[in-house]
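Undergrad: Given the coordinates of chain A, work out where chain B should sit on it, guided by the hints.
Residue strings, one per chain:
2 protein chains.
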Amino acid sequence: MSELRQNPLSKDWVIVASERAKRPHDLAIKKDDRRQLPSYSSNCPFCPGNEQMAPPASMQIVREGQWQVRVVPNKFAALSSEGELFRRTDGLKRTVSGVGIHEVIVETPQHHLTTALLNEDDAELILQCYHERYLAISRDPRVDLITIFKNHGTAAGTSLEHPHSQLIATPIISPEIRRRMEDAMRFYDDEGQCLFCKVLAEELADAVRVVHETEHFVAFIPYASLSPFSMWIFPRRHMASFGQIHAEEISDLSRILRTVLAKLYYGLGDPDFNYVLRSAPSETRYSRYYHWYVSLIPRLTKIAGFELGSGMYINITLPEENAEFLRKVEIPKPQVIGAALHLTPRT
Amino acid sequence: MSELRQNPLSKDWVIVASERAKRPHDLAIKKDDRRQLPSYSSNCPFCPGNEQMAPPASMQIVREGQWQVRVVPNKFAALSSEGELFRRTDGLKRTVSGVGIHEVIVETPQHHLTTALLNEDDAELILQCYHERYLAISRDPRVDLITIFKNHGTAAGTSLEHPHSQLIATPIISPEIRRRMEDAMRFYDDEGQCLFCKVLAEELADAVRVVHETEHFVAFIPYASLSPFSMWIFPRRHMASFGQIHAEEISDLSRILRTVLAKLYYGLGDPDFNYVLRSAPSETRYSRYYHWYVSLIPRLTKIAGFELGSGMYINITLPEENAEFLRKVEIPKPQVIGAALHLTPRT
Chain A
253 MSELRQNPLS
263 KDWVIVASER
273 AKRPHDLAIK
283 KDDRRQLPSY
293 SSNCPFCPGN
303 EQMAPPASMQ
313 IVREGQWQVR
323 VVPNKFAALS
333 SEGELFRRTD
343 GLKRTVSGVG
353 IHEVIVETPQ
363 HHLTTALLNE
373 DDAELILQCY
383 HERYLAISRD
393 PRVDLITIFK
403 NHGTAAGTSL
413 EHPHSQLIAT
423 PIISPEIRRR
433 MEDAMRFYDD
443 EGQCLFCKVL
453 AEELADAVRV
463 VHETEHFVAF
473 IPYASLSPFS
483 MWIFPRRHMA
493 SFGQIHAEEI
503 SDLSRILRTV
513 LAKLYYGLGD
523 PDFNYVLRSA
533 PSETRYSRYY
543 HWYVSLIPRL
553 TKIAGFELGS
563 GMYINITLPE
573 ENAEFLRKVE
583 IPKPQVIGAA
593 LHLTPRT
Chain B
253 MSELRQNPLS
263 KDWVIVASER
273 AKRPHDLAIK
283 KDDRRQLPSY
293 SSNCPFCPGN
303 EQMAPPASMQ
313 IVREGQWQVR
323 VVPNKFAALS
333 SEGELFRRTD
343 GLKRTVSGVG
353 IHEVIVETPQ
363 HHLTTALLNE
373 DDAELILQCY
383 HERYLAISRD
393 PRVDLITIFK
403 NHGTAAGTSL
413 EHPHSQLIAT
423 PIISPEIRRR
433 MEDAMRFYDD
443 EGQCLFCKVL
453 AEELADAVRV
463 VHETEHFVAF
473 IPYASLSPFS
483 MWIFPRRHMA
493 SFGQIHAEEI
503 SDLSRILRTV
513 LAKLYYGLGD
523 PDFNYVLRSA
533 PSETRYSRYY
543 HWYVSLIPRL
553 TKIAGFELGS
563 GMYINITLPE
573 ENAEFLRKVE
583 IPKPQVIGAA
593 LHLTPRT
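One line per chain: the protein sequences are A and B, in this order.
Each residue of the first sequence is one higher than the one before, starting from 253 at the first, in the numbering used here.
Each residue of the second sequence is one higher than the one before, starting from 253 at the first, in the numbering used here.
Just chain A, same shape as in the assembly (with noise of 0.2 Å):
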């Protein structure tokens, strides 16, 4: 028989469907190999030369003459940068005025590469962009949240096919993240300890969900996890803001997080996703109850009118089975094609 499971953090329920259960390679996709695009598109906005497409850059970092990663205004942006924070209610309607900041970071010059693909120095500038970005955005006093992802892939949300992630930096917090931390705070009141520690203890302890661990970080497919291969990355030490991360645990990150993608791009074929970096909208506040992490989503399933109706999940796979899977994963020895393909600054 099937089975429903909570989620501890945001406590959804997800129906384990082991009944009309998938093996994970089921779930793996026929796709062209990334590699086989083209390095460099001439109408691709975030290709080096073709910086005049896109708006001029708040920071880059570069290496040999040459930008390694780049971030860049969002043209099509879904907030302004400039204007006056307002609020308006009338009647029921709640108006609140489109003042934020939506940048792209766009990962390597590479037009063809992906995060599984990169050596990981080269892994290591995105995730120090980020940082640097989300420290210097959390100054804005407009600013109440910032939501750092990635969509890789059409059924994830994007349509271009040059590595980028995105910043969005909104004047609200949602009701949403707003329980998760109201919840946070309850545990901590009741227990007296950080639930997201004890999450991860129970993890380790069980060990049959576990996917990879490094000095500073642990991936793991979660209890309840909401659909196959739904990842959580959690730092080992207790820290409520990714602002707060130091310069070793950047790095270490970024070895993880390589990892995972890699496992998932040889194991399941360059599956689409999302990441997203979840954290407490200001380090001070949050420190005691919140603990911050990386949400990675394989887009292997639809959300449909069952989820979109009942606010519950069904997974077709088993968590545990897919944890088993990604761990015998093996990565291709270091990718010498990220090297060797660095380009020069085109002229």
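Because the hints were derived from the structure by calculation, they are not lab data.
One thing to keep in mind: the hints can contain errors.
For chains that are exact copies, the list does not tell them apart, and a pair is met inside one copy or across any two.
Below are the DMTMM-like pairs computed for lysine to aspartate or glutamate, each with C-alpha atoms no more than 20 Å apart in a straight line [what the hints assert, rightly or not]: (1) Lys263 to Asp284; (2) Lys345 to Asp458; (3) Lys345 to Glu443; (4) Lys263 to Asp435; (5) Lys263 to Glu428; (6) Lys580 to Asp441.
Computed from a prediction, not measured in an experiment: that's the story for all the values here.
TA: Same frame as chain A, but now just chain B:
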């Protein structure tokens, strides 16, 4: 500048991103005309003559010797109708046995049709069937919530062509649904009236987001519609549960549902969509506070990293423009196709 709007029922915020706004017709898609599909498919478990490919029917409505709507248990049920309801707690792990009902409503014998193309009488049979199953299943003491929904097209989570919808009865109510109930109760406590009745009154007064009205129902694009063309169909009469609907209201609901689906079909080119009946889990407890309705969600855009991470949404269209566009869509004269192709039983 874009603006953030709040959904008064779920409290979700949506960025209405007018800077990146698409005109409604930009979202129209090119799909092969459904009517080019065969009216019968030999390997379809829902076509007449193939009844042995699905479990025996829970109910069917027969006209002139042929079933017109047929309800069967889902062959790959997410929940099991047999078995004991139990709850298990182990550290932070919460588990409930997967007991419940999962049925498929086969909406017509004709493989190639869809509600938008059915005649009025045939469309009404679908709603009658929903109501009958809803009442029968609510008597099961293990059932806490009944979700009736439709997935149309691959983006909405189905690969089966034959028109069908589903019913899932779960042994728990998700915290999301519970919160909606609590919010509606709190509104009633504060304001002394039903939140939904007030939403409806304001939308009728504003008028600009109304798509279609009938004697008993109003279809409108809510002020804070989370995605393009997402629509609510509200009964004018205050009633908490779909179970309380009257016969003439069922008939009227089938007309308005068919009309708005036809507007989507002809106006946007048969987009993939979900709809879901949102009903109070019990008639009595929530009778003053809650108000059932249909939520209709065309799947024209993807839920991506920002939505998953922030609990907010981005709508790249204006609800007011969406509604105006749909009001103007003309539905071709009554489909003789529906009547003309009525099948006789296959031998």
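Undergrad: Next step is simple, just say for each hint if it's right about the structure.
TA: Hint check:
1. Lys263 to Asp284: Classified as neither; 38 Å inside a copy, 41 Å across copies.
2. Lys345 to Asp458: between (48 Å within a copy, 11 Å between copies)
3. Lys345 to Glu443: between (39 Å within a copy, 15 Å between copies)
4. Lys263 to Asp435: both (9 Å within a copy, 17 Å between copies)
5. Lys263 to Glu428: both (11 Å within a copy, 9 Å between copies)
6. Lys580 to Asp441: Intra 40 Å, inter 56 Å, cutoff 20 Å: neither.
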